Amino acid sequence: MAHQAAPGAGTRLFHPGFEGHSQISARTLGFWLYMLSDALLFTALFAAYAVLDTPMNAAGGPIASQIVNPIEGFWQTIAILASVTCYSLATVAMKNGNRAGTALGIIAAMVLAVVFLAFGFNDLATLTAHGNGLGRSGYLSAYFVLILTHAVHMLIGILWMLVMLVQIPRYGFNEMVVARMLNLRMFWQFQATVWVCVYIYVYMIGA
Amino acid sequence: MAGSHSDPLAHPEVRQGGALRYIAGFISTVALMGAAMVVTLRHDLAYSSFVELVGGLAFLALLSQAVLYYGLDISRSQIWKSVSLILTVPLFIITVGLTVWMFQSLDQRTMLMPTTLQQPTLLQ
Amino acid sequence: MQVEVPGPWSPLLGRLTLDAIPYTNPILQGTFAGAALAGLIVIGCVLYFKKVGYLWREWLTSVDHKKIGVMYIIVGLVMLFRGFADGLMIRTQQVIANGPNAPGVLGAQHGFLPPFHFDQVYSAHGTIMILFAATPILTGFQNIVVPLQIGARDMAFPYMNALSLWLTTAAAALVMISLFVGDFSAAGWVGLIPLTELPFSPSTGVDYWMWAIQISSVGTTLNAINMIVTIVEMRAPGMTWFRMPVFSWTTLSTNIIGLTAFPVLGVALALLGADRYLGTHFFTAGYGGNLMLYTNLFWIWGHPEVYFLILPTFGILSEVIPTFSEKPLFGYVTMVAATFAIAGISWVVWLHHFFTMGSGPDINGFFSVATMLVGIPTGVKLFNWMFTLYRARITYSVAMLWAMFGLFLLLAGGLTGMMLALPAVNYTVHDSVFVIAHFHCMVLLVVASAFAGVTYWFPKLFGFKLNEGWGKAFFWTFSIATIIVFAAMFALGFQGETRRLDWTFNTAWKPMLMVEEIGMILYVVSLACFAIMLVVSIRNRAKNRVGADPWGTSRTLEWLTPSPVPFYNFAVTPQVNTRDELSWRRKHGLESAKPAGFEAIHMPSNTGMPVIIGALAGIWGFAMIWRIWWLAGISLLGIVVCVIIRSFNKNEGYHLQPQEIEAMEKNLATGAIVAEQPVRTHLHHVEAH
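Line by line, the protein sequences give chains C, G and F. Count along the first sequence starting at 1, add 71, and that's the number in the working numbering. Count along the second sequence starting at 1, add 1169, and that's the number in the working numbering. Count along the third sequence starting at 1, add 90, and that's the number in the working numbering.
Do not rely on the hints blindly, as some may be mistaken.
Computed spacing ranges between beta-carbons, pair by pair [as the list claims (entries may be wrong)]:
1. G/Phe1228 - F/Pro289: 23 to 31 Å
2. G/Gly1266 - F/Lys600: 47 to 55 Å
3. G/Trp1270 - C/Leu230: 35 to 43 Å
4. C/Phe190 - F/Gly586: 57 to 65 Å
5. F/Leu103 - C/Thr197: 49 to 57 Å
6. F/Asn739 - G/Phe1228: 51 to 59 Å
Calculated from the structure, these hints are not laboratory results. What you are looking at is a predicted structure, and each value in this text was computed from that prediction instead of being measured. The beta-carbon is built from N, C-alpha and C at its ideal position, and this holds for glycine as well.
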């Protein structure tokens, strides 16, 4: 049983002027929790990929080693990591109140992200043109959907960056804009994390 | 719903960003991924040791991302993120791990598998 | 890239044609007439009492956690009624269609439901009860109670809270629309594979099921984030972790489950959707699909989901039982530990839903042991409640009766669950009604504690108690009906009746089926008692007004506020000194202490954006179901645009002035949940400098 002290002279029953929680902390924690759920989403996709990554599920079509190119994947890895680094540097500019620097970092991140996606979509388009699209076999379905889900996340991130490019000149670095920039940083870094897992599991182990 | 009305840029999560940290993160992750690629292309390891090595490199890359990119530590502003991540990591392992274990057995017992295998995969 | 859909497809209306409306089906004709009548009565009343503006301003656009919680519970109760109707149809069909000479009416060979329609009825019953009745009701309770229990003014993200509500409502609306436009899934609430694939379920039924669940899952995930951040960040000063009430602890653990498990359901259904819409081969019976993968992914979510339902239930029991025993909860720390042990173990047991899929003894054994381990923390909880009741001064109020019945159901359901955890037993009773009886004990425990919660917290929100006499009548009819129906069902399970039978071919089952039907009639009587209880209580509300602590023996912080609780919750943030703060204050004569003065409170403004996004989500779901691509594109674009517009929102709420607060504390009716608030000036943040 909890020991309950009797009320004394210093006992307070109310706390007027209580500051409450920080909005930015609440928003970043909330966004982090969302990202954990997103991580579980990718985990489920990886589990599906692991199950479908057998010759049986290739249904006569190509298997992993026949379609993954580790070297090209490496260029993509550099592109996405560079994009994440540029965006992170943009938040360092934000720390210093430098609006132009922040915008520059964001634009660089966007360009590199488009490069990454171009590589990726080109890959998928080539496969599809050769008749090995996502409807060819269970294995290819898993491969395509894993890559495409990551790509969709990146497109959303790019759209978000565009919105930030509008909001920074308009509102400056107020509480909401800062919270969004921090959340976008986590989101963007998360895309790189997922890509590392994809690169290792699909490109390395697949090869 | 009270919020602190101090300067948003003074918030610890803004202040913790640092150019050196991010560039270090970039270099370390690229280096680890490059090492993994080299190991993969050389094709001269047994399959299980290959998986272990590449998995280890991946783990190090993810760790460097956690510390250098996300900036996770046990400071007041980051502690809940660190705690929630550490509590969720077992779920990643359980979901994929138990699924793979289960399907190894299921495939053997319920599926007709082709007798020739071009290459081993995680399920064999 | 679009799959060849069986049936017609036009660019303007997708697969939607006039044939989709089943106007020749007599059962649906009756349903439509009833629904239309109910709808007209509700709309008529709103128009007659000129409450359209009030509804929009005070309820639909509200971001107040209490109003959102009430709306969640209303949605849940409406869907509970629909789910009950489905259940009644299942039972009645099975008792009529018994034996080779059973009569058939309305186009059915036996009974009154043809097989395909019957399949939709039980699929809808399961889907609705779990995802659209129990989940919203429990979410509603968490929304209402947790901020009050931890001494906060609202949730961490009031706007997102409203958004979650309207997404869930949109999904529930889709399920209701499936009654009258098209059909519903006939593949079980689980979505039995490969039956759910396009060649075997060519109609839009499975699509309704799929998109409704997907949309509501987004709402649930957002709500989970909201609840976790609220509990982590917004506890009142002095409320350390181990002073927090158990209901808030169970809310935290349940939402951790919700946050982590629902994405896997999203993936399972999305991959099925990819098969149905994009022609992929994840789960097809050919081209390298793996049927077992769906079952695996679904149940990775499916098992944590049932703990998502039961943990808030346990939380409600942990609030009601100590209050009406006039004792603190026995074993607080072990209760919290057991809650998290259950949440953790719930993640490694999912294979027990498909022992018979053929994984072999090693794997079956692992999951069997893990499943049985869950019994230990559950037992700890049960013993803690028993020890709370031991030598207590028990008041047999309606809420306490529901709680005690819940304990009884936990015993029956838990023990039969332990039986099912053994693969040897499981192989014998898998897919029999024994399993159905087991899990109905558990979900009826959820319902029992929901009604305990309704009775318990109703006075806090609305300022008057529910009628005790009719409450007891409702309880007794409901609980006896439950025992009758499910004891008979356990017996039928042992007699070999399997699940999902539209024609119960074995005449030996007839006696028990008739017993079950008697139970169902008693359920209908209990429903009438519930309705009468509501009417009588509302009619007598002036006579039954209550103060801050209606039960006299409540223990936790939410009972410190006046009844009905004003929309800002606490006039001054309370300082928490101990666990069970109110009972401590009462013991030292401090429960009526009032703050010395008031300060301005910053409140968020109402907004119609969640309603708009919810409506667009509903339209998008409908468009995806019927493959009306232009509409799907526009509504999705609309959602994105709304989200972006909302991010440019400059409205920073308003300040509630001290004089207003003082006036509302004196005249509680002006701050109550049903009161209409005056227009207040909103703060706008300044543009860039």
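Against the structure, the hints:
no. : hint                             : result
1   : G/Phe1228 - F/Pro289: 23 to 31 Å : 43 Å, violated
2   : G/Gly1266 - F/Lys600: 47 to 55 Å : 49 Å, holds
3   : G/Trp1270 - C/Leu230: 35 to 43 Å : 39 Å, holds
4   : C/Phe190 - F/Gly586: 57 to 65 Å  : 60 Å, holds
5   : F/Leu103 - C/Thr197: 49 to 57 Å  : 36 Å, violated
6   : F/Asn739 - G/Phe1228: 51 to 59 Å : 42 Å, violated
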